[in-house]
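Undergrad: Listed here are the chains, written in short residue letters.
2 protein chains.
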Amino acid sequence: MGEMADKAAGAVSGARQWRRLMRLAELGAIPGDGVNRACLTDLDRQARRLLAGWATEAGVSVSVDEAANLWLRRPGQDEAAAPVLTGSHMDSQPNGGRFDGIYGVVAGLEALAALHDAGIVTHRPIEVVAWTNEEGGRFAPGCMGSMAWSGHSPLTTWSEVRDAEGIRFADALAEHLRAEATLPRRPLGPIGGPMGSPPHAYVEAHIEQGPLLEAAGRPIGVVTGIQGSRWFSVTITGDTAHAGTAPLALRRDAVQDMLRAITALNALTADPDDVLRFTVGRVTVAPNTSNTVAGQASFSIDLRHPDRAVLLAIGDAIAPTIRAALRTCDATVQETFHALPAVFDARVVAAVERAAAADGQGHMRLASGAFHDAQFLVPVCPTGMIFVPCRHGISHNPAEYATPEHLEAGTRVLARTLLDLAA
Amino acid sequence: MGEMADKAAGAVSGARQWRRLMRLAELGAIPGDGVNRACLTDLDRQARRLLAGWATEAGVSVSVDEAANLWLRRPGQDEAAAPVLTGSHMDSQPNGGRFDGIYGVVAGLEALAALHDAGIVTHRPIEVVAWTNEEGGRFAPGCMGSMAWSGHSPLTTWSEVRDAEGIRFADALAEHLRAEATLPRRPLGPIGGPMGSPPHAYVEAHIEQGPLLEAAGRPIGVVTGIQGSRWFSVTITGDTAHAGTAPLALRRDAVQDMLRAITALNALTADPDDVLRFTVGRVTVAPNTSNTVAGQASFSIDLRHPDRAVLLAIGDAIAPTIRAALRTCDATVQETFHALPAVFDARVVAAVERAAAADGQGHMRLASGAFHDAQFLVPVCPTGMIFVPCRHGISHNPAEYATPEHLEAGTRVLARTLLDLAA
Numbered sequence: 058m059g060e061m062a063d064k065a066a067g068a069v070s071g072a073r074q075w076r077r078l079m080r081l082a083e084l085g086a087i088p089g090d091g092v093n094r095a096c097l098t099d100l101d102r103q104a105r106r107l108l109a110g111w112a113t114e115a116g117v118s119v120s121v122d123e124a125a126n127l128w129l130r131r132p133g134q135d136e137a138a139a140p141v142l143t144g145s146h147m148d149s150q151p152n153g154g155r156f157d158g159i160y161g162v163v164a165g166l167e168a169l170a171a172l173h174d175a176g177i178v179t180h181r182p183i184e185v186v187a188w189t190n191e192e193g194g195r196f197a198p199g200c201m202g203s204m205a206w207s208g209h210s211p212l213t214t215w216s217e218v219r220d221a222e223g224i225r226f227a228d229a230l231a232e233h234l235r236a237e238a239t240l241p242r243r244p245l246g247p248i249g250g251p252m253g254s255p256p257h258a259y260v261e262a263h264i265e266q267g268p269l270l271e272a273a274g275r276p277i278g279v280v281t282g283i284q285g286s287r288w289f290s291v292t293i294t295g296d297t298a299h300a301g302t303a304p305l306a307l308r309r310d311a312v313q314d315m316l317r318a319i320t321a322l323n324a325l326t327a328d329p330d331d332v333l334r335f336t337v338g339r340v341t342v343a344p345n346t347s348n349t350v351a352g353q354a355s356f357s358i359d360l361r362h363p364d365r366a367v368l369l370a371i372g373d374a375i376a377p378t379i380r381a382a383l384r385t386c387d388a389t390v391q392e393t394f395h396a397l398p399a400v401f402d403a404r405v406v407a408a409v410e411r412a413a414a415a416d417g418q419g420h421m422r423l424a425s426g427a428f429h430d431a432q433f434l435v436p437v438c439p440t441g442m443i444f445v446p447c448r449h450g451i452s453h454n455p456a457e458y459a460t461p462e463h464l465e466a467g468t469r470v471l472a473r474t475l476l477d478l479a480a
Numbered sequence: 058m059g060e061m062a063d064k065a066a067g068a069v070s071g072a073r074q075w076r077r078l079m080r081l082a083e084l085g086a087i088p089g090d091g092v093n094r095a096c097l098t099d100l101d102r103q104a105r106r107l108l109a110g111w112a113t114e115a116g117v118s119v120s121v122d123e124a125a126n127l128w129l130r131r132p133g134q135d136e137a138a139a140p141v142l143t144g145s146h147m148d149s150q151p152n153g154g155r156f157d158g159i160y161g162v163v164a165g166l167e168a169l170a171a172l173h174d175a176g177i178v179t180h181r182p183i184e185v186v187a188w189t190n191e192e193g194g195r196f197a198p199g200c201m202g203s204m205a206w207s208g209h210s211p212l213t214t215w216s217e218v219r220d221a222e223g224i225r226f227a228d229a230l231a232e233h234l235r236a237e238a239t240l241p242r243r244p245l246g247p248i249g250g251p252m253g254s255p256p257h258a259y260v261e262a263h264i265e266q267g268p269l270l271e272a273a274g275r276p277i278g279v280v281t282g283i284q285g286s287r288w289f290s291v292t293i294t295g296d297t298a299h300a301g302t303a304p305l306a307l308r309r310d311a312v313q314d315m316l317r318a319i320t321a322l323n324a325l326t327a328d329p330d331d332v333l334r335f336t337v338g339r340v341t342v343a344p345n346t347s348n349t350v351a352g353q354a355s356f357s358i359d360l361r362h363p364d365r366a367v368l369l370a371i372g373d374a375i376a377p378t379i380r381a382a383l384r385t386c387d388a389t390v391q392e393t394f395h396a397l398p399a400v401f402d403a404r405v406v407a408a409v410e411r412a413a414a415a416d417g418q419g420h421m422r423l424a425s426g427a428f429h430d431a432q433f434l435v436p437v438c439p440t441g442m443i444f445v446p447c448r449h450g451i452s453h454n455p456a457e458y459a460t461p462e463h464l465e466a467g468t469r470v471l472a473r474t475l476l477d478l479a480a
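Same order as they appear, the protein sequences are chains A and B.
Throughout, the numbering used here is defined as the position within the first sequence, counted from one, plus 57.
Throughout, the numbering used here is defined as the position within the second sequence, counted from one, plus 57.
Bear in mind the hints are in silico, worked out from the structure with no lab data behind them.
Beta carbons: idealized from backbone N, C-alpha and C, even for Gly.
Any given hint could turn out to be false.
Which chain B residues face chain A? A few, computed with CB under 10 Å, are given here [what the hints assert, rightly or not]:
| # | residue |
| --- | --- |
| 1 | Ala303 |
| 2 | Leu316 |
| 3 | Ile451 |
Simulated coverage check for chain B against chain A, where a stretch passes if three residues somewhere in it have a Cβ under 8 Å from a Cβ of chain A [said to hold, decoys possible]:
| # | stretch |
| --- | --- |
| 4 | 168 to 174 |
| 5 | 254 to 267 |
| 6 | 291 to 300 |
| 7 | 341 to 348 |
With beta-carbon atoms standing in for the labels, derived distance ranges [what the hints assert, rightly or not]:
| # | chain 1 | residue 1 | chain 2 | residue 2 | range |
| --- | --- | --- | --- | --- | --- |
| 8 | B | Gly89 | A | Thr385 | 18 to 24 Å |
| 9 | A | Ser210 | B | Arg76 | 57 to 63 Å |
| 10 | A | Ala324 | B | Ile224 | 42 to 48 Å |
| 11 | B | Ile224 | A | Glu217 | 51 to 57 Å |
| 12 | B | Gln391 | A | Glu114 | 53 to 59 Å |
| 13 | B | Arg76 | A | Gly89 | 58 to 64 Å |
| 14 | B | Leu307 | A | Ala381 | 26 to 32 Å |
| 15 | B | Gly208 | A | Thr393 | 53 to 59 Å |
| 16 | A | Gly223 | B | Ala456 | 53 to 59 Å |
| 17 | B | Ala306 | A | Glu217 | 38 to 44 Å |
| 18 | A | Ala306 | B | Ala456 | 49 to 55 Å |
| 19 | B | Thr214 | A | Glu462 | 54 to 60 Å |
| 20 | A | Thr385 | B | Ala137 | 52 to 58 Å |
| 21 | A | Gly89 | B | Ile224 | 28 to 34 Å |
The following block holds chain A by itself, in its conformation from the complex:
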């Protein structure tokens, strides 16, 4: 086992992997080395075709399910055995980087290619999946592909969701599947999949999207779980008025009440340990002219915490905190997303840790601050993740960067982990 794992890790080509990542980064390239590649677009399909081409070169078969999740399968000695699964996503944020998501897919293929090049046949099949719409940048929410596949929600849940141009998710998906009609179709879901059973395990490689590995100087993060998230959409309604005449005492100024609401939420979410994540990233004001008092102001809340009890308590306090903070306006508070913290399987965590140690890579355990498809695999099969550092922790930004060396280290550890789990 140890010798075979060394051989597999040794066959990982950091150069090939980097070349492929840079080639994919051309599809949707934006200024500053960024990428804007929304799901189910023509750019997305070009990226998938590139990937599928590289996969078949490595003796890997390609199929697609009805959520447009793309599957690469390398056979095992026992084709009836539950496969080991890896992967991530290929879509990007609108103003995203070159590594978020796509690294986990390319790393999975690189691990399969390394096994192929090293002439290793595993006991279990190994599959790489590219989940549809993880980012939620075009169709909200994200993680639709993994949510539909894992049985978290039926695929039809989002049929009527529209993108900024008014295109329905169901229509974009149908168009996409027509474009990929030449690929073998595979049933959606872990039960009823080709092998009729859930995967043996799932392990996803990803850039950290945070600063901890870089700060600690360790190339490998052994991920123990994912913090929980709750998203809210808040609309504050007052009255428009003339900016030059309306006395401040008589105004129902939606911008000013939004200010009061966010200030109160800052106090509610203040965390001296800086573990809680509270973000107001989206603000929209109407009519949004300089000489009219705003009649309406909307904003988003993204709240995250690894501790379920904290997430529940703070999240439940959001609506009452907003209402208590308003002076003159009314507010509607809608929860748009709620995911409890996920705890990864001890066996997968241990397998990643063993692989990092065997490869001689500095490593540390940490929880994921970002949301990942892996979250939805937790109820389905033993699940874990491998992180590699990204510069200054920057992600969802064109400046996102990971070194070829760190990306290669992550894939070496992934190859060893897959071999371990597929034994």
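Put chain B on the given structure of chain A with help from the hints.
TA: Just chain B now, kept in the frame of chain A:
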């Protein structure tokens, strides 16, 4: 004189004036009894054609200048005498009402029609002007027509200003003048005008756009001046980051620093007497997605005060206050508009007051909170304004409303004032 004034006031038809206002309100009507009629659009031209048609019925000649200001002239006994000028504007806010601006133009025409119907010929000519683009809703800033005419700024100042669709002001103006090519063209400006000299006086009728007259139960406001305005555009620049991973201590969150800046400005501008007007009406955030920390936030500041010293001191403190409030981001603060308080001419104020008293209308002196074209007439000729109440002080809003009775009272006082000034 008193008898002639009674005759002129008696010939004012509140019913005809209301019918015309309601007819004009159909052009650009929006839900809730509102109007959206931007300057130099086809709707604007339709409104001008209606007005010009009514004007010629009353023996009034029509012309246009190169800023597209529309002029209605009723001859005097002495055609060489400096004319008395009244008027306002015909464009509306994007989400505006049926009375702001258009009332002053229709009232001016109604006063001329009353003189016509009463068979009165004044010593001086009387002119009604509809100033181009007072609102600044399509092309910023507002008051371009009166600024260009009064010599405040050359018309070319705004040639490159573009509307939301990217159309240049110069191109919209040229297209408009082509559409009105059949109208006699008149030179732009008080000097070099048809009579070669500034007007004898300017008096503008307008709804108050504030709550004071309604609260006092008086139908006529004798306006003593206009408070000063300073407008600023602020852009706060931080860094985008992943909402789930970036520790709050490491963020450069533009939304949060905008919050700090506005909170500090609220403290700077706090006024227990509620005379100062401070408004943040426009807020724009980028990239404006819920799970990305905002890298940029822009907002507008509209600051107004009747006291020149206060306006200068507070306005000059805005940029340093913003900079001191920022925790992690940078800010650019640009002053986009600066108009000192205007004080109206004592003779015009007295004439309006006499007219209101002679007409038996309850009246009071007050300063204008809103900005008006009259501001730019102050350096040119003796200037004043007449206000009528509007319901709850609401303006720049479809719910803007003034009663036919109050609008008639305002026009009776205007007719008497014009007769007085044109004697």
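Undergrad: If you check the beta carbons of B/Leu307 and A/Ala381, does the distance land in 26 to 32 Å?
TA: With a Cβ separation near 30 Å, B/Leu307 and A/Ala381 satisfy 26 to 32 Å, so the hint holds.
Undergrad: Grab the minimum C-beta distance from B/Ile451 to chain A and call the hint holds if it beats 10 Å, violated otherwise.
TA: 7 Å, holds
Undergrad: Does the CB of B/Ala303 sit less than 10 Å away from some CB of chain A?
TA: Where the cut-off is 10 Å and the nearest Cβ of chain A is about 6 Å from B/Ala303, the hint holds.
Undergrad: Please test the hint of 58 to 64 Å on the beta carbon pair from B/Arg76 and A/Gly89.
TA: 60 Å, holds
Undergrad: Hold the hint about B/Leu316 up to the distance rule: shortest CB distance to chain A must be less than 10 Å.
TA: 6 Å, holds
Undergrad: Between B/Gly208 and A/Thr393, is the Cβ distance one that fits in 53 to 59 Å?
TA: Given about 55 Å between the Cβ atoms, the range holds.
Undergrad: Using the Cβ atoms, figure out if B/Thr214 sits within 54 to 60 Å of A/Glu462.
TA: Holds: the Cβ-Cβ distance is about 57 Å, inside 54 to 60 Å.
Undergrad: Confirm or reject the coverage of the stretch 341 to 348 of chain B by chain A under the rule of 3 or more residues with a beta carbon closer than 8 Å to the chain's beta carbons.
TA: holds (count 7)
Undergrad: When you take the CB atoms of B/Gln391 and A/Glu114, is the distance between them in 53 to 59 Å?
TA: 56 Å, holds
Undergrad: Is it true that A/Gly223 and B/Ala456 lie within 53 to 59 Å of each other by Cβ?
TA: 30 Å, violated
Undergrad: Between the beta carbons of A/Ser210 and B/Arg76, is the distance compatible with 57 to 63 Å?
TA: Given about 59 Å between the Cβ atoms, the range holds.
Undergrad: Can the suggested window of 51 to 57 Å be confirmed for the beta-carbon pair B/Ile224 and A/Glu217?
TA: Roughly 36 Å apart at Cβ, these two residues miss the hinted range, so it is violated.
The structure shown violates the earlier hints numbered 4, 11, 16 and 18.
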